[in-house]
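Residue-level listing of the chains:
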Amino acid sequence: MKIAVLVKLVPDTEASLKIGEDRRYISKEDINFVLNPFDEYAVEEALLQKAKHGGSVTVISLGGDEAVKALRNSLAMGADDAVHLKTPGGLDMLGVARTLAAALKDKGYDLFFAGKQAVDDDCGAVGPMVATLLDIPHVSVVTKLEVETDKLIAEREFETGTEVYEVPLPALITTQKGLNEPRYASLKGIMMAKKKTIEEVDVEQITAKAETVGLAYPPMRPPGKIVGEGAEAVPELIRLLKEEAKVL
Amino acid sequence: MDILVYVEMRGGKIRPAGLEAVCSARKLADIGGGKLTAVLMGSNLENLTGKVEKYGADSILLIDNPDLDGYTPEGYREALTAAYEATGAKLVVMTATALGRDLAPAVAAKLDAALLPDCTSVEYSEGKLSVTRPVYAGRCIMTLTANSFPVVLSLQPKAFLVVEREAVSAEVSKLEVAVSDKIRARLIETRAQAGEKLDVTEADIIVAGGRGMKTEENFKLIEDLADKLGGAVGASRAVVDSEWRPHSEQVGQTGKVVSPTLYIAAGISGAIQHLAGMRSSKVIVAINKDPEAPIFKSSDYGIVGDAMEVLPALIEAVGE
Ligand SMILES: Cc1cc2nc3c(=O)[nH]c(=O)nc-3n(C[C@H](O)[C@H](O)[C@H](O)COP(=O)(O)OP(=O)(O)OC[C@H]3O[C@@H](n4cnc5c(N)ncnc54)[C@H](O)[C@@H]3O)c2cc1C
Ligand SMILES: Nc1ncnc2c1ncn2[C@@H]1O[C@H](COP(=O)(O)O)[C@@H](O)[C@H]1O
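Keeping their order, the protein sequence lines are chains A and B.
The first sequence begins at 1369 in my numbering and counts up by one.
The second sequence begins at 215 in my numbering and counts up by one.
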């Protein structure tokens, strides 16, 4: 089974972010970048399916030089090959998806994985877009997966339940927490990953249809009130919720 | 600018977020001076048209097809694309629900359209669409514009108001779309969660518990308060991971994004990934025994104390 996984490098979710002087992007200084947490589930699932069905796992990332870190981390987990699609940036969602789809097309992949969302833009768009562009079926936000030789069964969450889909291969899955427990890279894995060559591909610039024109901090909430301590504070809280906030 | 709005349904009923989408689309159509077409898909759609009319659709397109009763990415994508082509709209509006978050990008890719996803505000002026959306788990708000049409827009549930209009009768028409041979990802089973529980994304009041609730049994207090307030139960990831609560109740980056009128967080520390899911709540109340807990910084009102003492007092006081 030939498997492709889309991976992205993102700021650590704990990092405190500073908006850059351009007021459009975050400042990249002093923050730690990591493999997108939802992509860890994607890499793990690819490795589990390879263990079951044989084949290979290729990880692909689109981005500047920093993207290499996402690829090395994935290789350290156990991926076989890595492809870096080099871009100076400036692509929108569809541009990213088009570029990824072009690199994935006609390469004989049976199964594709992406994360449910990248925790920077929080879009969750690239997976369904790439599948549409490749003209293959997809299931997103998957928490349970069974892969057979020519089809898969995937469970997906919605607000009040679970939907189960049966899908012929090739197909694309986006991964959600619950699907598996991503492994930690072993020391040996990390050493091996350092030695692997990463295929580099220069990509064409695509005119962006959507553009980020501003980035701001969310409006500050007025400083909260500590109403009091323990059960004694309850009557005052109720009063405030009724009279001041008017929500009860 | 003519607009197509997809009115999301579940179990044969229009979802509240679907009406929010109609109302927002109406506003945009008024500004842009275009026609608003609402599209419904599934079965037995005729009796729902009155409801859509009230919120300002100029025309309603029914895609009556049992193959569209349950959500399939390809079935819905094909149906919505066909509706887009039939109306000649330039803008497609839908909801950023579990369904919409899957459908919007697929439709955008199909139509070669700009995608403006998970919007919390939308502006249309001088022929340009500009939206805001939370990014980086809500630590920043991005302003995004579309450089060209068509555009596919998805709206964060509960971020937009529902306003009834004077009913004008909309022109209702049907569109036949054959989707069954397009559907490769086939829906073979739908498991609804037990009971008619109120979903956190639709609740006006949420009472959420975290690891500070200490045991699964203590969640009885959370449930009781939620019941008394007519609200829903929410949970942090820590308690979902401990299997005290189902994942459907998890609020945050890995769970659901909610914006109720009142969010009560008991025994929740206020980690960034939790805040990502609830920081747009109108009023936030925190109950935590640690006065330094970060949740207090994001709350309007706080009580420092043991949740197992504060919650029973609250349940009693609310009942009065
Ligand atoms: C990629 C990623 C995604 C994530 N997604 C989510 C998500 O969707 N949702 C989410 O919630 N988390 C998410 N997390 C986890 C998040 O970082 C926190 O670990 C989690 O929110 C902590 O849950 P908690 O507040 O219940 O527990 P804790 O952080 O352990 O906090 C417990 C709190 O209870 C208080 N407490 C203790 N005893 C009492 C008492 N008797 N009475 C009152 N208060 C008491 C403590 O002071 C403390 O503040 C994610 C993490 C990552 C890395
Ligand atoms: N630049 C990229 N390179 C490779 N994969 C990506 C890139 N951007 C997004 N993805 C994949 O698409 C998923 C969803 O991303 P997003 O739509 O940006 O939230 C991520 O979890 C990745 O698997």
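Worth double-checking, as some hints may not be accurate.
A few chain A residues that don't get close to chain B, going by computed Cβ distances all over 12 angstroms [what the hints assert, rightly or not]:
#	residue
1	THR1381
2	THR1455
3	LYS1475
4	LEU1502
5	SER1508
6	LYS1556
7	MET1560
8	GLU1597
Keeping only pairs whose Cα atoms sit at most 16 angstroms apart, straight-line, the calculated EDC-like set for lysine to aspartate or glutamate is [claimed, not checked]:
#	chain 1	residue 1	chain 2	residue 2
9	B	LYS411	A	GLU1612
10	B	LYS496	A	GLU1612
11	A	LYS1614	B	ASP418
12	A	LYS1437	A	GLU1567
13	B	LYS396	A	ASP1503
14	A	LYS1593	B	GLU299
15	B	LYS503	A	ASP1433
16	B	LYS342	B	ASP418
17	B	LYS249	B	ASP283
18	B	LYS342	A	GLU1579
19	B	LYS265	B	GLU380
20	B	LYS396	A	GLU1600
21	A	LYS1593	B	GLU506
22	B	LYS227	A	GLU1534
Keep in mind that the hints were calculated from the coordinates and are not lab data.
Glycine is no exception: its CB is placed at the ideal position from the N, C-alpha and C atoms.
16 angstroms limit on alpha-carbon distance, applied to hinted pair LYS342(B) and GLU1579(A) | Roughly 12 angstroms separates the two Cα atoms, so the pair holds.
Given hint ASP283(B) paired with LYS249(B) - CA-CA distance at most 16 angstroms | Outside the cut-off at roughly 27 angstroms; violated.
Would you check the hint for LYS396(B) and ASP1503(A), treating anything up to 16 angstroms between C-alpha atoms as holding?
-> holds (11 angstroms)
Taken at face value, is the distance from the CA of GLU506(B) to the CA of LYS1593(A) at most 16 angstroms?
-> holds (13 angstroms)
Would the pair LYS411(B) and GLU1612(A) pass a check requiring their Cα atoms to be no farther apart than 16 angstroms?
-> violated (30 angstroms)
Taken at face value, is the distance from the CA of ASP1433(A) to the CA of LYS503(B) at most 16 angstroms?
-> Violated, at about 45 angstroms.
Classify the label on SER1508(A) as holds or violated, using whether its beta-carbon is more than 12 angstroms from each beta-carbon of chain B.
-> SER1508(A) is in fact no farther than 12 angstroms from some Cβ atom of chain B, at 5 angstroms.
Given hint GLU299(B) paired with LYS1593(A) - CA-CA distance at most 16 angstroms | Not satisfied, since the Cα-Cα distance of roughly 53 angstroms exceeds 16 angstroms.
Within a Cα-Cα threshold of 16 angstroms, do LYS1437(A) and GLU1567(A) meet the stated pairing?
-> Holds, at roughly 14 angstroms.
Distal placement of LYS1556(A) relative to chain B, Cβ over 12 angstroms = For LYS1556(A), whose nearest Cβ neighbour in chain B is about 29 angstroms away, the distance exceeds 12 angstroms, so it holds.
Is the Cα-Cα distance between LYS265(B) and GLU380(B) 16 angstroms or less?
-> holds (12 angstroms)
Is GLU1597(A) truly not at the interface, in the sense that its beta carbon sits beyond 12 angstroms from all beta carbons of chain B?
-> Answer for GLU1597(A): violated, closest chain B Cβ roughly 5 angstroms.
Checked against the numbered hints above, the structure breaks hints 1, 4, 5, 8, 9, 14, 15, 16, 17, 20, 22 and satisfies the rest.
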